[in-house]
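Letter by letter, the chains look like this.
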Amino acid sequence: MAEVREDLRYAKSHEWARIEGELATIGITDYAQNELTDIVYVETPEVGDAFEAGQEFGVVESVKSVSELYAPVTGEVVEVNEALEEKPELVNESPFDGGWIIKLRMDDPNETKKLLSAADYRKTTEE
Amino acid sequence: MDPFRFPRRMRGPLHELHERLGARFVDFSGFQMPVQYTSIKKEHEAVRQRAGLFDVSHMGNLRIDGPGAGDLLSYATVAQAARLEEGAGVYTVIPDEKGQILDDTIVYRFEEDRFYMVPNAGKNETIADHLRTLAERQGLDVNITDASRETCIFALQGPAAIEILKHAGAATPEHPRFRLHTREIAGQLAWVATTGYTGETGYELFVDARSGPEVFQRLMDAGTDHGILPVGLGARDTLRLEAGLALAGNEFEGGRTPLEARLGWAISWDHEFFGKAALVKQKEEGTHDRLVGLRMRDKAVARTHYPVLDENGEPLGMVTSGTKSPTLGDSIAMAYVPPTHAKKGTPVQVEIRGKPHPAEVVKMPFLKKN
Numbered sequence: 001m002a003e004v005r006e007d008l009r010y011a012k013s014h015e016w017a018r019i020e021g022e023l024a025t026i027g028i029t030d031y032a033q034n035e036l037t038d039i040v041y042v043e044t045p046e047v048g049d050a051f052e053a054g055q056e057f058g059v060v061e062s063v064k065s066v067s068e069l070y071a072p073v074t075g076e077v078v079e080v081n082e083a084l085e086e087k088p089e090l091v092n093e094s095p096f097d098g099g100w101i102i103k104l105r106m107d108d109p110n111e112t113k114k115l116l117s118a119a120d121y122r123k124t125t126e127e
Numbered sequence: 001m002d003p004f005r006f007p008r009r010m011r012g013p014l015h016e017l018h019e020r021l022g023a024r025f026v027d028f029s030g031f032q033m034p035v036q037y038t039s040i041k042k043e044h045e046a047v048r049q050r051a052g053l054f055d056v057s058h059m060g061n062l063r064i065d066g067p068g069a070g071d072l073l074s075y076a077t078v079a080q081a082a083r084l085e086e087g088a089g090v091y092t093v094i095p096d097e098k099g100q101i102l103d104d105t106i107v108y109r110f111e112e113d114r115f116y117m118v119p120n121a122g123k124n125e126t127i128a129d130h131l132r133t134l135a136e137r138q139g140l141d142v143n144i145t146d147a148s149r150e151t152c153i154f155a156l157q158g159p160a161a162i163e164i165l166k167h168a169g170a171a172t173p174e175h176p177r178f179r180l181h182t183r184e185i186a187g188q189l190a191w192v193a194t195t196g197y198t199g200e201t202g203y204e205l206f207v208d209a210r211s212g213p214e215v216f217q218r219l220m221d222a223g224t225d226h227g228i229l230p231v232g233l234g235a236r237d238t239l240r241l242e243a244g245l246a247l248a249g250n251e252f253e254g255g256r257t258p259l260e261a262r263l264g265w266a267i268s269w270d271h272e273f274f275g276k277a278a279l280v281k282q283k284e285e286g287t288h289d290r291l292v293g294l295r296m297r298d299k300a301v302a303r304t305h306y307p308v309l310d311e312n313g314e315p316l317g318m319v320t321s322g323t324k325s326p327t328l329g330d331s332i333a334m335a336y337v338p339p340t341h342a343k344k345g346t347p348v349q350v351e352i353r354g355k356p357h358p359a360e361v362v363k364m365p366f367l368k369k370n
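Those protein sequence lines, which keep their order, are chains A and S. Under our numbering, read the first sequence as residues 1 to 127, first letter to last. Under our numbering, read the second sequence as residues 1 to 370, first letter to last.
Among the hints, erroneous ones may be present.
Stated by the list, open to error - So the derived list for chain A, only partly shown, Cβ under 8 angstroms to chain S, looks like this:
(1) Thr37
(2) Asp38
(3) Val40
(4) Val59
(5) Glu61
(6) Val63
(7) Lys64
(8) Phe96
Hints in this document: simulated from the structure, not taken from any laboratory. All of these numbers come straight from a predicted model, not from anything done at the bench. Just so it is clear, CB atoms sit at the ideal spot from N, CA and C, and this is done for glycine as well.
Starting from the given sequences, assemble the full structure and let the hints guide the process.
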């Protein structure tokens with residue numbers, strides 16, 4: 001069973017968001033990394049780039065596939081996980097912690113209400 | 001991101017066995033085939049360091065029999081198949097009248113008038129028809145049977161393959177390569193060929209489809225002490241890429257000749273074959289594209305159909321296959337470029353999602369093996 005963290009919010013497209021004040025740390029879920037298996041490359045945006053909720057902000061590549069990443073909320077990139085350049089497999093090994101991808105400063109923290117709770121996200125993966 | 005959903009397609013004879021081993025499936029030419037069982041990286045490493053067992057039964061199987069069989073195969077391929085000894089095989093290509101590759105394949109002479117050919121998955125009918133047309137045209141007495149559905153093909157590859165086959169009661173010398181031997185595994189008849197698609201020591205085995213599951217299991221059991229893993233199509237692709245071997249659907253896509261595809265060495269010029277005139281002309285002109293190896297200079301991954309550009313951003317050609325090499329850790333690829341940019345060391349760029357990334361032309365195979 002894929003792990004789903006209770007303290008996070010989720011997008012249907014398998015991104016998670018950890019909310020701390022106006023900052024949202026974003027990554028992909030355990031379910032997603034398990035579907036992809038060996039991740040070989042993560043394409044990240046630059047600090048300063050801005051994204052609307054639902055807009056593509058990067059790409060995660062496995063051996064066999066290229067998958068788009070979608071911003072769960074609107075905001076500006078304030079930090080990018082540099083460790084992923086040398087070790088993209090961190091996303092597989094630690095999808096909710098060491099494998100985080102970007103941090104956004106949210107335009108409107110209320111947007112997080114539109115995201116799924118852990119329980120609701122878990123349901124979507126069981127469909 | 002969206003996880004893939006695969007439609008139900010035809011199941012191979014070992015489907016249940018693969019499910020039990022934890023396989024994820026992909027549709028390949030109408031068959032559901034295992035793409036991986038554990039992780040592509042782990043399976044790849046197993047083959048490079050110990051051993052892996054592949055089910056490649058989706059590949060074709062043609063029997064070509066009769067007094068005209070040797071002559072037909074000499075005419076239909078770029079090799080002089082009529083000169084093969086009994087039990088010997090050759091890697092070759094089947095060209096059309098323009099010299100473009102219809103398929104690459106291995107042809108074996110089983111007996112004087114009995115040959116055996118392994119077309120790529122989904123190609124058995126087209127190739128069989130093509131051979132029949134040529135036989136008729138040349139007035140050759142040949143009988144072509146498609147045995148694809150009745151045959152299972154397995155590949156046992158890796159440094160431990162020799163010991164594992166011995167352990168399974170079917171000891172077969174590793175050399176000479178491209179030889180076919182008759183053996184028995186788990187009481188079943190098996191043809192063991194000293195061939196492979198990984199760049200490692202190993203064998204490819206042909207058994208009756210009804211014996212398939214039993215023989216596969218026996219080989220897995222024989223390999224347990226050697227750390228054998230079942231290996232899917234995902235690692236098959238990364239392994240062959242590192243070894244500089246072509247995948248027909250990629251490297252021959254759109255119509256490529258053996259001269260373009262780095263297979264000129266396979267052409268035996270001193271015999272008449274279908275499509276020869278076109279190849280002679282191409283060789284004389286020398287202006288054709290060349291298939292080269294590329295090594296990305298950053299971490300980005302080059303993939304099939306990505307454009308290849310020169311240093312100024314002008315289009316040169318296209319990537320045919322690419323991946324992150326599990327053994328090397330770098331991104332490697334195969335691509336067609338004009339002869340002006342085909343030399344080792346030539347700097348090029350690969351366009352990935354609209355941005356150019358630096359790369360370099362390198363020699364293939366990417367991995368040097370014994």
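Consistency of the hints with the structure:
1. Because the closest C-beta pair between threonine 37(A) and chain S is about 5 angstroms apart, less than 8 angstroms, the hint holds.
2. Among the interface hints, the one on aspartate 38(A) holds; its C-beta lies about 5 angstroms from the nearest C-beta in chain S, closer than the 8 angstroms criterion.
3. With a cut of 8 angstroms, the hint placing valine 40(A) at the interface with chain S holds, because the nearest CB-to-CB distance is about 4 angstroms.
4. Interface hint at valine 59(A): satisfied, since its Cβ lies 7 angstroms from the closest Cβ of chain S, which is below the 8 angstroms cut-off.
5. For glutamate 61(A), the shortest C-beta to C-beta distance to chain S is roughly 6 angstroms, which falls under 8 angstroms, so the interface hint holds.
6. The beta carbon of valine 63(A) is positioned within 8 angstroms of a beta carbon in chain S (closest approach about 5 angstroms), and the interface hint is therefore held.
7. With a least beta-carbon distance of about 6 angstroms to chain S, the hint placing lysine 64(A) at the interface is held under the 8 angstroms criterion.
8. Proximity of phenylalanine 96(A) to chain S is violated relative to the hint, the smallest CB-CB distance being about 16 angstroms (cut-off 8 angstroms).
Violated hint: 8 only; the structure is consistent with all others.
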